Amino acid sequence: MLSPILYTACLGTIWAALYFSSKRRRSLPPGPPGYPIIGNTLQIPEDRQWITFAEWGRKYGKIMYISALGQDTIILSSPDVVTELLENRGSMYSDRPTYHMAGELVGYGDTIVLLPNGNRLRASRKLVANALTKRDSAVLAGIYEDKVLNFLSRLLETPKEFSEHIQLLVASAVLQISHGYNVRNVNDDFLRIARRANHEYHMSIAPGAWLVELIPQSDGYGRDLAVRYIPDWVPGAGFKRKARNWRKTVEWLKNVPYDTVKMGAPQRASQSPSHFFSVPCNTYVRLPFL
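Numbering-wise (full-length UniProt numbering), the sequence shown opens with residue 1 and increments by one.
Hints listed in this document are in silico derivations from the structure and should not be mistaken for laboratory results. Given the structure is predicted, the values throughout are model-derived calculations rather than measurements.
Lysine to any residue pairs mimicking SDA-like chemistry, simulated, CA-CA at most 20 Å apart:
1. 59 x 29
2. 262 x 174
3. 126 x 91
4. 248 x 188
5. 62 x 76
6. 262 x 252
7. 62 x 48
8. 254 x 113
9. 242 x 197
10. 240 x 199
11. 262 x 128
12. 59 x 82
13. 262 x 191
14. 248 x 260
15. 126 x 174
16. 62 x 34
17. 254 x 189
18. 248 x 191
19. 242 x 104
20. 134 x 173
21. 160 x 186
22. 254 x 120
23. 242 x 252
24. 248 x 201
25. 254 x 124
26. 248 x 237
27. 242 x 211
28. 126 x 94
29. 242 x 231
30. 160 x 149
31. 59 x 33
32. 254 x 104
33. 62 x 33
34. 242 x 199
35. 59 x 30
36. 62 x 93
37. 62 x 87
38. 242 x 192
39. 240 x 208
40. 254 x 200
Could you put together the complete structure from these sequences and hints?
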């Protein structure tokens, strides 16, 4: 049985944690109320989280806050807010959070999506911007027009497959511009792997979903606690097996499209030009994939 002193100390600790948590919460944007310690973990679905986030956005506003086992997240649910904060004030908010699961273990850490603010990110964005200038708008407009006409034709034939048609429209336009690659149908390997990568990426950054994100990675004195290096067989280390499988998808996306275009570009240059590979002297620049 707990002594009165220990019992009082436990109650005091709980009260202090709740007090400081609620005080901190008052300085943050509104959001769905959560539970002590675990926050909104039980309210966040494992898949298709954006549907829940959209519902919360309509209720709590364009900028809202959620927490999952200590992992804080600010959600922007309006295009005008996204433009204002991430574009107009990009120098303030251009950095990315550190995702040990998605970034280091799965392999997205050296892609434009999760590159931290720094010289490499700025150089990568500059290369992309140089390939998508206003002077190229006429060429790009032709690509968009061709892809939209194909999309409308497919939609007219099979309107119930609207989702697949949209995916094909977006992927075919992006890959045509970035790699000069023509995606012909929904069974194309490039599109199939891209869909898988999109699903795996969103799973890997899900708030509160992975043990490696919840346990501190260092002791506060620069010493690595090596949580992400524990063996696969240790209970709770299932994230290691997931990461190993998902990393194969990332490596495929990094290398196969690039190598395919590099080997075939001379033959297809006049038919399917790629802005990202149209550089002088046959010099190919490997960008962190988008």
